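Please model the complete structure; the sequences and the hints are all you need to start from.
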Amino acid sequence: MNESIIGARIERKEDYRFLTGSGTYTDDVALPGQTHAFFLRSPHAHAKINRIDTGKAKAAPGVLAIYTGADLPDSVGGLPCGWLITDVGGQPMKEPKHPLLAQGKVRYVGDQVAIVIAETLNQAKDAAELIDVEYGVLPAIVNVADARKPGAPAVHDIAQDNTCYVWALGDKAAVDKAFVMAAHVTKLEFINNRLIPNAIEPRAAVANYARADDSYTLHVTSQNPHVARLLMTAFVLGLPEHKVRVISPDVGGGFGSKIFLYAEETVLTWASKQVNRPIKWTAERSESFMTDAHGRDHLTAAELALDKDGRFLALRVITTANMGAYLSTFASCIPTILYATLLAGQYTTPAIYCEVTAVFTNTAPVDAYRGAGRPEATYVVERMVSTAAREMKISDVEIRRRNFIHEFPYQTPVALCYDTGDYEATLAAAIKLANVAGFETRRREAAARGKLRGLGYSTYIEACGLAPSNIAGSLGARAGLFEAGEVRVHPTGKVTVFTGSHSHGQGHETTFAQVVAGRLGISIDDVDIVHGDTGRILFGMGTYGSRSIAVGGTAIMKALDKVIAKGKQIAEHLMEASAADIEFKDGKFMLPGTDKQVPFAQVALAAYVPHNYPLDRLEPGLNESAFYDPTNFTFPAGSHICEVEVDPDTGLTRIVDFTAVDDFGNVINPMIVEGQVHGGLAQGIGQALLEACVYDRESGQLLTGTYMDYALPRADDLPMFKVGTEVTPCTHNALGVKGCGEAGAIGAPAAVINAIIDALAPLGVRDIEMPATPQRVWQAIQSAKKGKQAA
Amino acid sequence: MGISVSLTVNGKAVSAEIEPRTLLVQYLRDQLRLTGTHVGCDTGQCGACTIHLNGRAVKACNILAAQAQGAQITTIEGIAAAGGELHPMQAAFRQHHGLQCGFCTPGMVMTAIELVQQQPSPSEAAIRAGLDGNLCRCTGYHNIVKSVQAGAAAMKG
Numbered sequence: 001m002n003e004s005i006i007g008a009r010i011e012r013k014e015d016y017r018f019l020t021g022s023g024t025y026t027d028d029v030a031l032p033g034q035t036h037a038f039f040l041r042s043p044h045a046h047a048k049i050n051r052i053d054t055g056k057a058k059a060a061p062g063v064l065a066i067y068t069g070a071d072l073p074d075s076v077g078g079l080p081c082g083w084l085i086t087d088v089g090g091q092p093m094k095e096p097k098h099p100l101l102a103q104g105k106v107r108y109v110g111d112q113v114a115i116v117i118a119e120t121l122n123q124a125k126d127a128a129e130l131i132d133v134e135y136g137v138l139p140a141i142v143n144v145a146d147a148r149k150p151g152a153p154a155v156h157d158i159a160q161d162n163t164c165y166v167w168a169l170g171d172k173a174a175v176d177k178a179f180v181m182a183a184h185v186t187k188l189e190f191i192n193n194r195l196i197p198n199a200i201e202p203r204a205a206v207a208n209y210a211r212a213d214d215s216y217t218l219h220v221t222s223q224n225p226h227v228a229r230l231l232m233t234a235f236v237l238g239l240p241e242h243k244v245r246v247i248s249p250d251v252g253g254g255f256g257s258k259i260f261l262y263a264e265e266t267v268l269t270w271a272s273k274q275v276n277r278p279i280k281w282t283a284e285r286s287e288s289f290m291t292d293a294h295g296r297d298h299l300t301a302a303e304l305a306l307d308k309d310g311r312f313l314a315l316r317v318i319t320t321a322n323m324g325a326y327l328s329t330f331a332s333c334i335p336t337i338l339y340a341t342l343l344a345g346q347y348t349t350p351a352i353y354c355e356v357t358a359v360f361t362n363t364a365p366v367d368a369y370r371g372a373g374r375p376e377a378t379y380v381v382e383r384m385v386s387t388a389a390r391e392m393k394i395s396d397v398e399i400r401r402r403n404f405i406h407e408f409p410y411q412t413p414v415a416l417c418y419d420t421g422d423y424e425a426t427l428a429a430a431i432k433l434a435n436v437a438g439f440e441t442r443r444r445e446a447a448a449r450g451k452l453r454g455l456g457y458s459t460y461i462e463a464c465g466l467a468p469s470n471i472a473g474s475l476g477a478r479a480g481l482f483e484a485g486e487v488r489v490h491p492t493g494k495v496t497v498f499t500g501s502h503s504h505g506q507g508h509e510t511t512f513a514q515v516v517a518g519r520l521g522i523s524i525d526d527v528d529i530v531h532g533d534t535g536r537i538l539f540g541m542g543t544y545g546s547r548s549i550a551v552g553g554t555a556i557m558k559a560l561d562k563v564i565a566k567g568k569q570i571a572e573h574l575m576e577a578s579a580a581d582i583e584f585k586d587g588k589f590m591l592p593g594t595d596k597q598v599p600f601a602q603v604a605l606a607a608y609v610p611h612n613y614p615l616d617r618l619e620p621g622l623n624e625s626a627f628y629d630p631t632n633f634t635f636p637a638g639s640h641i642c643e644v645e646v647d648p649d650t651g652l653t654r655i656v657d658f659t660a661v662d663d664f665g666n667v668i669n670p671m672i673v674e675g676q677v678h679g680g681l682a683q684g685i686g687q688a689l690l691e692a693c694v695y696d697r698e699s700g701q702l703l704t705g706t707y708m709d710y711a712l713p714r715a716d717d718l719p720m721f722k723v724g725t726e727v728t729p730c731t732h733n734a735l736g737v738k739g740c741g742e743a744g745a746i747g748a749p750a751a752v753i754n755a756i757i758d759a760l761a762p763l764g765v766r767d768i769e770m771p772a773t774p775q776r777v778w779q780a781i782q783s784a785k786k787g788k789q790a791a
Numbered sequence: 001m002g003i004s005v006s007l008t009v010n011g012k013a014v015s016a017e018i019e020p021r022t023l024l025v026q027y028l029r030d031q032l033r034l035t036g037t038h039v040g041c042d043t044g045q046c047g048a049c050t051i052h053l054n055g056r057a058v059k060a061c062n063i064l065a066a067q068a069q070g071a072q073i074t075t076i077e078g079i080a081a082a083g084g085e086l087h088p089m090q091a092a093f094r095q096h097h098g099l100q101c102g103f104c105t106p107g108m109v110m111t112a113i114e115l116v117q118q119q120p121s122p123s124e125a126a127i128r129a130g131l132d133g134n135l136c137r138c139t140g141y142h143n144i145v146k147s148v149q150a151g152a153a154a155m156k157g
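First to last, the protein sequences are chains R and P. Residues in the first sequence are numbered consecutively from 1, following this note's numbering. Residues in the second sequence are numbered consecutively from 1, following this note's numbering.
Keep in mind the hints are simulated off the structure, nothing from the lab. Being a predicted model, the structure only gives us computed values, none of them experimental. Glycine included, C-beta positions come from ideal geometry on N, C-alpha and C. Mixed in with the good hints there might be a few duds.
Said to hold, decoys possible - Here are a few chain P residues that sit away from chain R, every Cβ distance over 10 Å (derived from the structure):
no., residue
1, ILE3
2, VAL9
3, VAL14
4, SER15
5, GLY36
6, VAL39
7, ILE63
8, GLN67
9, ALA71
10, GLY83
11, GLN95
12, GLN118
13, ASN143
Claimed, not checked - Listed next, the in silico EDC-like pairs over lysine to aspartate or glutamate satisfying Cα-Cα at most 16 Å (straight line):
no., chain 1, residue 1, chain 2, residue 2
14, P, LYS146, R, ASP716
15, R, LYS451, R, GLU645
16, R, LYS451, R, ASP649
17, R, LYS243, R, ASP213
18, R, LYS13, R, ASP528
19, R, LYS494, R, ASP525
20, R, LYS13, P, GLU85
21, R, LYS125, P, GLU85
22, P, LYS146, R, GLU11
23, R, LYS585, R, ASP595
24, R, LYS562, R, GLU624
25, R, LYS588, R, ASP561
To be verified - Residues on chain R that point at chain P, a partial pick, calculated with CB under 7 Å:
no., residue
26, THR20
27, ALA159
28, ILE200
29, GLU284
30, GLY675
31, HIS678
32, LEU681
Here it is, written out as C-alpha cells:
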C-alpha cells in the first residue's frame, strides 16, 4: 500500500464538474422527442375514489396519454417491500398492496392518482387541472398514538387495527427479573420526531423505451440502480431484467430517501412503451415534501434498571413506529433490525428487551433516513443514560465509564457482536477537544449574562457495513447485501474501476481512487471510478447504511488482489522467476534480493500485447472483478459533546460548541470524512432543534410542506464543528474501515437535548421534546416554574 | 402565444420566442441548455438557481425570463476563465471541501461571489447571514463558510 495516498487529504476528482455547472443530474438529461409527465395527486389523506373522468383532460392541447390505477394491466404489481418481518406470533407482517397509481382509495395527501403525459410540462399541468375526480372523503389517522385506538379508521382492509406487525427482540424474562433487583429505575417517554429528508435535488426520472430492440433506459435519482432495476423488473412490471438499463447519473444528495423504488419512475418506465416516447418527470419541492419517504416517527416508553453504583442491569424499550400509508422498500426493517439491535449502545447492559409495534397511518411512507433506526436507538439509550446519571447524582462521564464495554469481541444481548472499539479513547479525546475542564467557568460567565449553559453527552454506536447476507436473510431480508467491483487495467496501465456503490455526495470518485492508486502504487490521476449504471457495472447493491467503503471498497480490494496475483504470474514469466517469490510494492513487481523488477504498466502492456507471455497457462488481459459479502457488520462509535446556551427569556437555544470524536476505523481521506461528519451533525442538530414533519390530526393535511414551514438548517443555525478521530481498525475487512456517513445524525440529537436538559435542570426541567424550539423550551421553563411553585 | 426576449448570457447575446410564463431558470436550462443552474424548490427558498443579473445575485426561479429583457446574465458556466481555470471562489470550494453532492454548489458559488464583492472581508457571522438564502443538506455549512473565507482572501489577491 502507498501510505502517502491512503489517509491523505486529496482534493476531490469530481469537484471540477460540479463547480463549473457541468455535472449531469437526472433533470439535466434531455432526450430527443422527450415528453413530460405530471402526477395528479390526492388532496385528501383518506378517501374513496368514486369516479375519475379524464375525458376533458385527454382532449387538452399536447396531451399524449393519461393513465389512472384502473388503466394498469393486471400483470403490473404493487411496489414490493424488501424485508419480511415476522410477528411475535410467528405470522408474517401485513403487506397491503402498494399500487403504482391509486386503485379504489387514496391513503395519504400526495398519493398518486393519475399520470398525465404531454408534449410540454405546462401542457401536462394544465391538463391535470381538467381531470375530474369524485372523492368520498374518509376519516384519517396520522399519529402513531392514534393508530391502534378503538374505532380508529383502518388504512387497509387487511389490517383492521392498523397493525403491520408486533415484533420483539431480547430476553423478556431476564429483563423482568433484573428490574425486580434494581436499586434504581429510570423511566422516560420519547417521541422521535418525524423528519423529511430533503435532498436538495428533487427526485426525477427520464424513461425511454426503444422499440428497435424492445429495451428500456431509465435515468433516475437512485442510490442503488441495480436494486431499482431488480425490483422493477422482477416484482412490479414483469420486464426482462436484461432489457432494462438503469442509470443514476450525478445525484444531488440522498440521505436514504433515494434508496427506494418509487411509483413515479416505475410508472414512467411502463408508460414509455405505451406512448413510445421518452418521458421526463421531476418532482417539485412540494412533491418532495409530500411523497419522498419520511424518516423516524417513533413513540417510545423506556425503562433502565441500575444497581446502587449506577451499573446498568436491564433496559426495556416499548416502541410504536409509523410505517405511513404503505410499506416502502425497506420500511419494515428500520424500526426493528436496525433499531432494537443497537440498544446495547457502548454498554455492558446484560439484559435488553425491545418490543416494536409498526402501524399504518394516512401519511407518506416512512423508511430509512440518514442513520435509519440507529439514531432512534441512540436517542433512547443516551437520553436514558444521562437521565439516570442525573437522578443518581453520578456525572455523565462517570456513569458511562462504569458501563462501557472494554473487551472485544463483545456479544450483546441484542444479536450483534462488536468486533472492536475503544470507547474510553473517543470519550477522553472528546472531553479534551471540547475543553470540558473549562465548562464550569463558561457556565458561570453565561449565568452572569442571564444565560443558561449546558453540556450534553452522547456516546453512540452504530452497526454499518450492511451486511452479511446470510445473517440479513435469516432476519427477513429478501435481498443479498454484498457488493461488487471490477478493476479494468488498460494496456497502458491506466485503470477504470466499476463499483456497485453509488456516490451522491460522498466523494467515492476520489476515495475509491485513493484505495486503488494506493494498492497499485500508481498516480490517482491514472484511476477513474465509474458508478451508477447497470449497463456498465456488473452488479451493485448501492449506497446506504454507511456501507460503501466497508463493503464496496473491500470488493474493489478483492478485485485488486486478483489483478496483482495475475500480475505476479505475468511478471514471473517476464523476470524468469517464481511467482511465489515475487513481491508487489510501490507499483513494481520485484524479486527481493535481486535488482529484477517490472513496473505495473509493463505488466499491463504484456497482458494486452501477449507476445512474450505464458499463453499456455494464462489468459491475456488484466481485468478482474470481485463480489464481497462481509462476515460481520462494522461498528463505528464515538463521543459527541454539545454545549448550548439557552436564553430563558425567549427559549432560544444556541449551540455554542459541538465536538465529535469518532472511531471510523482507518480513514482513507480525512477531509472527506470530516465533511461527512459535519453534514451528519447538521441533520442531527436539525432534528434536535429545528425539523419536524407535522400532519394535521383531523384532516391529515401536511402542514410542513414548504421551506417556510419545515425548518431545514440554514448557515446561521449552525456553529463551526470540532471533529476528531480515534482509530481501532475494523478486524474483518481488508481496509480496516467502518464507515462514516451516518455518525453525525446518529449521535447528535441526544447530545443536543442532553445539553439543553443540563442547562435547564436547575430550573427543574427533566425532559423536552424534539425539536426543542424556542416555544417548547420557554414552555418547559414556565411549566417547571409552576411545578416548583405548586410544590 | 410567444413573446420575444433578448439578453446577454455569459457574454453572448441571445434572443428567443418564449411563452410569457417562462421563468428565467427554465429559459436558461431548457432553451439555452445551461443546466448548471439548478432548481431545488421552485419557491425561492433554496437558492440552487442563483445567477447574476446585472451583477447582482438573483434567484432565477423567481423572475420571468421576460423580466430579464436586456439584462447581462452570468451563470455558473460563465464563472471560470475561458481556458477552464477555476475562479478563486470555485477553487476555494474545491480546496476546502465546500461541496459534496454538488447540487446546491452553483448557487452557493454565485451567492458567495456577490457576497464578497459587497463585503470584501466578511466575518464568519456575515458569511452565514449572507448564505441564509442558500440551502445545503450535505455539508453542514462548516466547509462552505471556510471556502467563502478563503475565496474572499483569494479574490483580493
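We went through each hint and held it up to the structure:
1. ILE3: Correct as stated: the minimum Cβ-Cβ distance to chain R is 15 Å, above 10 Å.
2. VAL9: Since the minimum Cβ distance to chain R is about 13 Å, P/VAL9 lies beyond 10 Å and the statement holds.
3. VAL14: holds (17 Å)
4. SER15: Given that every Cβ of chain R is farther than 10 Å from that of P/SER15, nearest at about 21 Å, it holds.
5. GLY36: violated (2 Å)
6. VAL39: violated (7 Å)
7. ILE63: About 17 Å separates P/ILE63 from the closest Cβ of chain R, which puts it past 10 Å; holds.
8. GLN67: holds (18 Å)
9. ALA71: holds (19 Å)
10. GLY83: holds (12 Å)
11. GLN95: violated (6 Å)
12. GLN118: holds (16 Å)
13. ASN143: Violated, because the least Cβ-Cβ distance between P/ASN143 and chain R comes to about 6 Å, which does not exceed 10 Å.
14. P/LYS146 <-> R/ASP716: holds (14 Å)
15. R/LYS451 <-> R/GLU645: Measuring from Cα to Cα gives roughly 6 Å; hence the hint holds.
16. R/LYS451 <-> R/ASP649: Roughly 9 Å between the alpha carbons, so the hint for R/LYS451 and R/ASP649 holds.
17. R/LYS243 <-> R/ASP213: holds (8 Å)
18. R/LYS13 <-> R/ASP528: Status holds; Cα separation ~9 Å.
19. R/LYS494 <-> R/ASP525: holds (9 Å)
20. R/LYS13 <-> P/GLU85: holds (15 Å)
21. R/LYS125 <-> P/GLU85: Violated, at about 42 Å.
22. P/LYS146 <-> R/GLU11: Holds, at about 15 Å.
23. R/LYS585 <-> R/ASP595: Roughly 14 Å separates the two Cα atoms, so the pair holds.
24. R/LYS562 <-> R/GLU624: Holds, because 6 Å separates the two Cα atoms, which is no more than 16 Å.
25. R/LYS588 <-> R/ASP561: holds (14 Å)
26. THR20: holds (5 Å)
27. ALA159: violated (34 Å)
28. ILE200: Hint on R/ILE200: holds, closest Cβ of chain P at ~5 Å, below 7 Å.
29. GLU284: At about 5 Å, which falls below the 7 Å cut-off, the nearest Cβ of chain P leaves the hint on R/GLU284 intact, so it holds.
30. GLY675: Holds: closest Cβ of chain P sits about 5 Å from R/GLY675, inside 7 Å.
31. HIS678: Holds: closest Cβ of chain P sits about 4 Å from R/HIS678, inside 7 Å.
32. LEU681: With Cβ-Cβ at 6 Å, under 7 Å, it holds.
Of the numbered hints stated above, those contradicted by the structure are hints 5, 6, 11, 13, 21 and 27, listed in ascending order.
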